[in-house]
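In order, the protein sequence lines correspond to chains A and B. 1 is the number of the first residue of the first sequence in my numbering; add one for each residue after it. 1 is the number of the first residue of the second sequence in my numbering; add one for each residue after it.
Think of the hints as simulated: they come from the structure by calculation, not from any bench. Note that the coordinates shown come from a computational prediction; the quantities given were computed from them, not determined experimentally. Worth double-checking, as some hints may not be accurate.
Stated by the list, open to error - Stretch-level coverage of chain B by chain A, calculated; a stretch enters the list once three of its residues show a Cβ under 8 Å from a Cβ in chain A:
| no. | segment |
| --- | --- |
| 1 | 68-78 |
| 2 | 119-125 |
What the hints assert, rightly or not - Using C-beta positions, here's what the derived DEER-type ranges look like:
| no. | chain 1 | residue 1 | chain 2 | residue 2 | range |
| --- | --- | --- | --- | --- | --- |
| 3 | A | D366 | B | V63 | 21 to 27 Å |
| 4 | B | Q126 | A | E703 | 27 to 33 Å |
| 5 | A | T701 | B | Q126 | 21 to 27 Å |
| 6 | B | R61 | A | N78 | 36 to 42 Å |
What the hints assert, rightly or not - Away from chain A, derived, C-beta distances all over 12 Å, residues of chain B:
| no. | residue |
| --- | --- |
| 7 | R92 |
| 8 | A129 |
| 9 | A130 |
| 10 | R131 |
Here a beta-carbon is modelled for each residue, glycine too, at the ideal position from N, C-alpha and C.
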Amino acid sequence: MMPRRKRILRYFGYALLAGTAAFLAFALYLDLRVTGEFEGRRFSLPARIYARPIELHAGTRIPLADVEEELRLLGYRNGEREEPGWYVRDQNTLEISVRPFIFWDGPQPARRVRAEFDSGVLRTIVSESKEAPLVRLEPLLIGGIYPAGNEDRMLVRLGDVPRHLVQELVAIEDRNFYAHAGFDPRALARAAVRSLTGRTEGGSTITQQLVKNFFLTPERTLKRKFTELVMAVLLELHYGKEEILETYLNEIYLGQDRDRAIHGIGLAAQFYFGKEVRHLSVAESALLVAMVKGPAVYDPRRHGARALERRNLVLHEAKEQGYLSLDQYSTARAMPLGVVPKPPMGTTPYPAFVQLVQRQLRRDYDDKDLRSEGLRIFTALDPRVQGAAEHALASRLAQFDKEKRFGPPGMEGAVVVTDPQSGEIQALVSGRDARYRGFNRAVDAARPVGSLLKPVVYLTALQEPQKYTLVTPIDDGPFVWKSRGAPDWEPQNYDKKFHGMVPLRTALAQSYNAATARLGTDIGLEKVLDNVRRLGIERPLKPFASTLLGAVELSPLEVAQMYQTMASGGFKTPLRAIREVTTQEGRPLARYALRVEQAIAPEPAYLITAAMQGVVREGTAQGLKSMLPADAAVAGKTGTTDDQRDAWFAGFTGDRLAIVWVGYDDNRAAHLSGAASALPIWGDLMAALQPEPLALQKPDTIETVLIDPQSGLRADLSCPGALELPFASGSAPAGRAPCASELGVTVQEVKQKAKGWLDRLFGR
Amino acid sequence: MRTCVLVLLLFLSACASRREEAPATPSEAPPALPPETSTRQESVAIAGLMESARNDAAAGRLVQAAGTLERALRIEPRNPRLWHELARVRLRQGDGAQAANLAARSNSYAGGDGALRAANQSIIEQSRAAR
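Extracted from the complex, chain A is given alone in its bound form:
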């Protein structure tokens, strides 16, 4: 029999053995996790969505103030001539140090340019004293498609991080970093003593902090602390200091921008200083290092004094540990925080547009890739246009609320702005609160379009020039449509009157319902619907006569597509939000190419546009005349639904097409009209953007003839109020108006005769 003492010792031995085995198994498990996850872990990088870049060249139509605003939004610094990314304004001149940027078609190096502006136009631009034909500013980042937790970061290599930043970090967070094996007993002891005296201090090494952020949940238990310590030691066993440091710098949380979490030193440098990390000064680096302890508590934009105090503590520690000379220290200490003002963006300030971009991307990319691969998405969004559209909608709706003219407060609206030539979507506003991520009215709200469909009816008529011209008389008498199995349809006019025989262009300009319904049924509903499809509406439409007057539900974006085809001379161009996609490094992955398709012949497209110019010149949209210069020659159409629940305005200038819808989400009864509610929003928007006049490209097969508006016949200069109107060749009226008979010749004939006379004179 064994002595009692020996037995106890043996049991103790077993227990020790079992304990060691358990610890080893635990350590092995942790080791597998550390190596497996650290090795396999790649930071998930959000896809970044960019606005269009501003192109600067002699002749760019952009006011200096707008370029300055863009630079401000890009985080360029005003007035400090140091690293790329600053500008100086001197009266009409902007000196810009443009940052380098990798565009989809290759890198553009940093460069310094001087641009001179005059009355809203960039006149000259020179670069390093040579003329620079074309300079792209880097595009604004307008959003992203984020991984879980909306973590945003920009990866940096340790080699790009300034030495002083690393030294400051080590000085304040982990002074024995280069010496310890993952944990620092002295720091732990110090922390323990301090916590006894009531002051809390981490005592965690950089390695431990990394382990905590990387592998563990934020609970604070002894067991977790122990696990953290073991994992830190294991991490140090497997990886070098440099590797650990680089991962740490990319991992740390350094602030919050609404719902977007700012991670890593690379993004933080951009977010707080508008700089690349390699350009951070001693003082700037110290501020970022100071924030590691608590980005909310030491937020330099909110708690400037507190942040400054801790920054100076970081500088002091760095000096004490010999990383900074006394000179460097005093210079840095004297610096202000130097944080750039940056409007909060969150995941995006333009949720409606970004949602559309995401939908288009999901057709071509995996959602997982979009949230992790750091793809760069270049879009057409123009923040200037977007801003003007948001402002026009919100301020008018607020005014309508106050007046209660159309209905109770709470009316909503949507705006789409495109470039009629390229089909690019420049702005998308989905409601009065453009920051709200909710129902995307511009894309998803299908509402009756009312009179917006009328131009298609007239376009269809004008495709038969031998039967219909702009002056063909159309009957606006009472009209009844009978079809079996349906009640009779008797459209009324807006003014509850019938107007008898009216010229075709007037029926459109005044938006007469009876005339339009009769015209549409005369030429054939099927032909009209076919044109609606050709213009780009894919949704099937009901083959009812009431469709002619807009008993059709379309989204503002669909309406934009339909009008785009008319605005670009009959060439359908699918609307696009995205231009290009590249990898994180800038390798091009995809281009969303410009495609055109001749959907409508040039002549009717020209004629309908001229007729829509008449809507503004002498029809239901005359209200625009007081808002825009007369030479803008805008073409457009008001839209009001039968029951006045929806109001629209669709129109275009020489350089932009915009669709405005207003109404109530619950579709309640109201007294809306396109002319009174949607049109002013459209006018405000365009007025803010100084529109290019709409100068139509006249096809050779179109001739202009002076017409007497009274008789619809050929006029000459002695006819009062004579108008020059376009006609497809050979379709102009032959007869002469009574007022023109005195001279017996028309202007065209005089021109002809004069030309022949001159030709004879010069013997040509």
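Got chain A; can you put chain B on it based on the hints?
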């Protein structure tokens, strides 16, 4: 007297027609002039982009060339030569339908530029032949 009235009318109609034919309608340029002079002069910025697109196309980098031409078109959307160049790139990419449509788009801005119209017509015919 009749001549006086005629001269006056001639003067007036000249004024009227000049206003009507604002810069965007070069279609009534005198046909007697040789085609080159009716072709508009490219701005330095556009000329630079066009040259780089031509270089890309010559080197077979057609996607790049198309992208550069689209960039130029965003700056000068009514420049018929840019639409024409883009049509040529699409033709080389084997997209005859797009080439023909783009050539038609070029024609819609070509005005009296006979040489350019002829070149566009040739693209339209080639794309038809290829289909």
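Falls inside 21 to 27 Å, the C-beta gap from A:T701 to B:Q126?
-> 24 Å, holds
Would you say B:A129 is clear of chain A, with no C-beta pair closer than or equal to 12 Å?
-> The claim holds: B:A129 sits with its nearest Cβ about 19 Å from chain A, beyond 12 Å.
Can you take a look at whether the segment 68-78 of chain B is actually covered by chain A? Rule is 3+ residues, C-beta closer than 8 Å.
-> holds (count 8)
Do the Cβ positions of B:R61 and A:N78 conform to the proposed distance bound of 36 to 42 Å?
-> At roughly 39 Å between Cβ atoms, A:N78 and B:R61 fall inside 36 to 42 Å, so the hint holds.
Does the hinted range 27 to 33 Å hold for B:Q126 and A:E703 at CB?
-> 32 Å, holds
Range hint compliance [Cβ, A:D366 to B:V63, 21 to 27 Å] | About 23 Å separates the Cβ atoms of A:D366 and B:V63, which means 21 to 27 Å holds.
So is B:R131 really clear of chain A, every C-beta pair being over 12 Å apart?
-> Fine: 15 Å to the nearest Cβ keeps B:R131 off the interface.
Verdict on chain A covering the segment 119-125 of chain B, criterion of 3 CB contacts below 8 Å | Our answer is that it is violated, as 0 residues pass the Cβ test (under 8 Å) against chain A, missing three.
Going by Cβ atoms, does B:A130 stay more than 12 Å from chain A at every point?
-> Consistent with the label, B:A130 stays out of reach of chain A, its closest Cβ about 17 Å off (over 12 Å).
Interface-negative label, B:R92 against chain A, beta-carbon threshold 12 Å = 14 Å, holds
Consistency note: the structure conflicts with earlier hint 2 alone.
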